[in-house]
Structures are given as C-alpha cells and as structure tokens.
Amino acid sequence: MIDAILGNIIWMALITIGGVLISWSVHFVPVGGAPAAMAQATGIGTGTVQLAAGAGLTGLVSAGFMMNVTDNLPLILASGSVGAMIMIAVTMIVGSIVYVYGVGVVPSSAKVKVDPITKYRQDLYVSQGTEGHGLPTVSYVSGIIGGGLGGIGGSLVYYSLIEVGMSAGLEAVGVTNSVTGHELVAVAAIFAIGIFFVNAVIPSYNIGGTIEGFHDPKFKKWPKAVVSSLVASIMCAIVAVVAIAQLGGI
Amino acid sequence: MSAGGAGGEAKGGYPPQTIMALGIVGGLVGIYLGNFAPPAYSFFGGLGAICATVWGADAVRRVASYGLGTGVPSIGMLALGMGILAALFGLSVGGTAGPIVAIVVAAIIGGVIGALANKVIGMGIPIMEKAMVEISCAGTLVILGLSVVIAGSFDFASVVQYVVANGYIALIFIIGGMGILHPFNASLGPDEKQDRTLMLAVEKGAIALIIAGFASSLHEGLMAAGLNMLIGIIIWYVAFSKHYALIKRDAYAVVGSGMLPSSEELQ
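So the sequences go chain by chain: S and P. Take the first sequence: its position 83, counting from 1, is numbered 83 in the UniProt record's numbering, and each next residue is one higher. Take the second sequence: its position 3, counting from 1, is numbered 3 in the UniProt record's numbering, and each next residue is one higher.
Heads up, a few of these hints could be off.
[To be verified] SDA-like mimics (lysine to any residue), calculated; alpha carbons at most 20 angstroms apart, straight line:
| hint | chain 1 | residue 1 | chain 2 | residue 2 |
| --- | --- | --- | --- | --- |
| 1 | S | Lys221 | P | Gly69 |
| 2 | P | Lys119 | S | Val227 |
| 3 | S | Lys220 | P | Met123 |
| 4 | S | Lys224 | P | Gly69 |
| 5 | S | Lys224 | P | Glu129 |
| 6 | S | Lys218 | P | Ile121 |
| 7 | S | Lys221 | P | Met123 |
| 8 | P | Lys119 | S | Ile9 |
| 9 | S | Lys224 | P | Ala115 |
| 10 | S | Lys224 | P | Met123 |
| 11 | S | Lys221 | P | Ala115 |
| 12 | S | Lys218 | P | Gly67 |
| 13 | S | Lys224 | P | Gly122 |
These are calculated hints, taken from the structure and not from any lab test.
Go ahead and model the full structure; you've got the sequences and the hints to work with.
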C-alpha cells in the first residue's frame with residue numbers, strides 16, 4: 001500500500017491539481033438555479049453540481065476518445081478541455097435562445113452596471129424585482145473559461161488514474177477488451193467521476209446559490225474553495241491510487 | 001437557488017442514534033449475509049442498502065434543515081462521490097473486512113470534508129462534520145449493498161468485473177443517490193415529518209433493489225434475479241402504501257378532482 005503511494009507520487013500530484021482545477025472552474029460557470037429557470041436571476045437554470053458534472057463528464061468522454069489514438073498528455077488535455085467547453089457553450093446557447101425567444105427577456109446582469117466585455121449598460125434592461133436574467137456576454141465567456149478549466153481538470157485526473165493502473169501491470173493478468181468492457185478504464189472512470197462530484201460540491205457550498213461568472217462579487221471567495229478542494233483531493237488521490245494499484249493483484 | 005427548509009434544526013421522530021444503529025448494523029449484516037449466503041440470497045445486500053438509504057436520508061434531513069444554499073441534491077451527489085471512492089478502496093485492500101474498512105475510510109473522508117465545509121468555507125452548520133460522516137458512510141453502504149445484489153459477493157475482483165466494468169456502477173450511483181437525496185427534497189417544507197420522509201427512503205431503496213435485481217440477471221441467472229426483484233417489489237408495495245397513508249394523514253384534505261371535463265361541458 002505504501003509502495004503504491006510512494007511509486008505514484010507524481011500521478012497523485014496531478015490528480016490533486018486536477019481536483020483543484022475542477023473546483024476553481026465551477027466558480028466561472030454561470031449558475032442560476034431555480035430562480036434562473038424562472039428568469040429571475042442570471043445564469044443557467046440548474047445547480048452547480050449538475051453543470052460541473054455535465055461539463056466534466058463530457059470532458060472525460062472526449063479525453064477518453066483522444067486516448068484511443070495517442071498518449072500525448074497535452075493533446076488529451078486539449079481534447080478534454082474542448083469537449084467540456086463545447087458542452088457548456090451549447091447549454092448556454094440553448095438557454096439564451098429560451099430566455100430571449102421563449103421567455104422574452106433581455107440577457108442582462110443586475111450585479112454590474114456595464115458588461116465588462118461589451119461595455120453595454122445592464123441596469124436599464126433588468127426587470128423589476130429580479131437579479132437579472134438570461135446570459136450576458138460576460139457570463140457566456142466566463143462559462144466557457146470554466147468549462148475549459150473543468151475539462152482539463154477532469155482529463156488530468158482520468159489520465160493519471162489510467163497511468164497508475166498501467167504501471168500496476170494490469171495487462172499482465174489477462175484483462176482484455178471483453179464484451180463487458182475494460183476493467184481499468186471502468187475503474188479509472190468511476191474514480192474520476194467520484195473525485196469530480198466531490199470537487200463540484202465543495203465549491204458549490206462556497207458559492208451558496210447563484211454566481212454569474214468572474215465579475216460576480218462572490219468570485220472573490222474562490223481561494224477558500226480551492227484550499228478545501230486541495231485537501232479533499234489529496235485524500236481522494238491516496239484512496240484512488242491505492243485501490244487502482246490493487247487491480248494489479250486480481 | 002433556495003435550499004428550502006426552515007433554516008433550523010430538524011425536529012421530531014426517532015432520535016439520530018436509533019437510525020444510525022439501524023443503518024450501520026442493518027447495512028453491514030445485509031452486506032455480509034448477501035456475501036456469504038448462496039447466490040440466490042443476494043437480496044440481503046439490497047435489504048442492507050435499504051437500511052443505509054434510510055440512514056442517509058435521515059442524515060440529509062437533519063443537515064439540510066439548516067439550509068445549504070445549494071439545494072438538497074448536491075449533498076446526495078457528494079455522498080455517493082465519497083462513497084464510491086471509499087467502497088472500492090475498502091474492497092481492494094480489506095478482503096473479508098472490506099465493508100468495515102470502507103466505512104472507516106468513508107468516515108475519515110466525510111469528517112475531513114465536513115470540517116473543511118465548516119471551518120474553511122464557513123458554512124456554520126453545527127452538525128456538519130457529524131452529518132458528513134454519516135452521509136458518507138451511508139453512501140458507501142448503499143453502493144456496497146447494491147453491488148452485492150448484482151455481483152453476489154463483495155470480492156474486489158467480482159465487483160470490478162460484474163459491477164464496475166460493465167457500467168452498472170453508474171446505475172448504482174444514480175439510484176443510490178436518488179434514495180438518499182430525494183426523500184427530504186421531495187418532502188421538505190413546514191409540515192415535513194420524519195416518518196413520511198423515511199418511508200419515502202424505504203420506497204426508493206426498494207426501487208433500487210428492483211433495478212439492481214434486474215441487473216443481477218446477467219451474472220446470477222434468472223432465478224436469483226427474479227427473487228431479488230420479487231423481494232424489491234413486495235417491499236416497494238408495502239412502503240408505497242404506507243407512504244400514501246402517511247400523506248393522507250398529513251394532508252389537510254384529500255379530495256377527488258373528478259375526470260377532466262368533456263368538450264361539451266366546457267362550452
């Protein structure tokens with residue numbers, strides 16, 4: 001058990017960095033929750049966890065697809081990152097179409113007077129009694145940055161876990177691509193998902209409700225979540241590395 | 001997002017210790033019976049998972065009454081996220097003691113995450129650490145219990161081969177998480193009662209057993225799978241009837257709205 005930990009220190013460090021990136025990325029994604037679903041707050045009308053999980057799992061799938069053809073880490077990270085960015089961008093585009101043409105509101109933020117990117121006035125368009133609605137340009141850009149970071153984090157975790165399994169010598173015990181799938185891929189994926197959920201919920205407790213993106217006042221709280229995620233990810237990394245190293249024995 | 005709840009301590013009903021004892025003892029006994037009994041009796045794992053689901057739902061009820069600020073489902077997803085790590089770790093190093101190792105690891109992970117949430121993030125919920133430990137352990141037991149139903153044992157190699165590698169683990173993740181997070185999320189409000197919430201947890205656990213029983217046909221054959229599903233359906237029917245009775249007890253009035261009016265009547 002100690003051997004497995006000492007032998008995989010570098011992968012554990014990468015898993016921890018991946019976890020921290022996921023936690024940081026959540027702060028960029030515009031989350032509006034139930035109020036946003038009723039067009040009373042800015043952002044996508046669902047919770048942080050669902051969005052982070054959606055972006056992260058898409059990143060995992062696209063990273064896994066890239067691992068079919070190459071084991072070049074930068075390419076895998078880029079693939080995971082782009083996959084997550086596309087997922088979050090599509091979600092936000094469809095959300096914006098629903099807000100503008102379905103609900104009939106102008107995307108505008110009540111937390112800033114002018115959009116930091118387009119410099120358009122926001123306060124004129126905010127409906128009375130709401131905290132803004134739709135997805136202003138700055139939230140959209142912020143969400144894509146968040147998706148990119150989350151995708152890099154998720155694929156970093158997944159790649160590291162696969163490498164740990166490869167070094168444990170799993171291929172020596174007759175594990176093949178059977179009809180029910182590849183054991184190492186499945187175990188690494190489910191551990192990556194577990195780490196992803198832990199690191200998506202911790203920042204959502206930090207945010208506590210809605211966040212519009214990097215211009216939101218709550219964004220300043222991210223160091224707390226990153227520190228918490230760092231500690232939690234170190235524990236997750238130890239647990240995951242030991243469990244995957246044990247796969248070599250079965 | 002509103003978190004719901006009154007923003008205070010959850011009151012009434014069975015004390016936390018009773019539910020905790022039910023969850024730990026029931027969960028572990030079920031998992032071990034399911035492991036050592038012949039494959040046809042793997043439904044015991046499901047009974048253990050139901051006990052753990054009730055425990056997890058009660059812990060969610062207690063902590064989410066304070067108001068999490070993120071909605072109740074997040075804590076259920078966290079429970080299963082921690083649970084999946086702890087469960088596979090415990091099975092991989094523990095051998096026969098696997099489930100117990102898994103619970104200890106889950107308690108450590110839950111305790112640290114609870115302490116981080118309270119001390120670093122500053123959520124200020126007095127029972128956060130304790131509740132996180134309970135939720136994490138309950139999530140672990142649910143995963144182990146349902147894995148025993150599908151694989152017939154908690155041997156690491158069998159669980160990896162029959163539960164993880166074919167993707168049933170994702171199924172367990174969602175149906176187990178639903179059992180823990182849904183009961184309080186569905187029942188919260190000023191008139192939330194513990195027995196109604198927990199009966200919903202039993203019902204959700206039974207649905208999980210039915211689905212896991214269906215999945216177990218791949219490895220354990222139709223007879224064992226049929227028995228798993230039959231037990232699940234019986235528990236589901238009893239729990240659903242009781243839950244419906246509790247809804248009628250707590251409702252101001254239950255009235256029939258009649259059939260939809262026909263187009264002539266609307267003229």
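Hints and how they fare:
no.	hint	result
1	Lys221(S) with Gly69(P)	15 angstroms, holds
2	Lys119(P) with Val227(S)	11 angstroms, holds
3	Lys220(S) with Met123(P)	16 angstroms, holds
4	Lys224(S) with Gly69(P)	16 angstroms, holds
5	Lys224(S) with Glu129(P)	17 angstroms, holds
6	Lys218(S) with Ile121(P)	12 angstroms, holds
7	Lys221(S) with Met123(P)	13 angstroms, holds
8	Lys119(P) with Ile9(S)	28 angstroms, violated
9	Lys224(S) with Ala115(P)	13 angstroms, holds
10	Lys224(S) with Met123(P)	12 angstroms, holds
11	Lys221(S) with Ala115(P)	18 angstroms, holds
12	Lys218(S) with Gly67(P)	18 angstroms, holds
13	Lys224(S) with Gly122(P)	9 angstroms, holds
In the structure shown, a violation is registered for the earlier hint numbered 8 alone.
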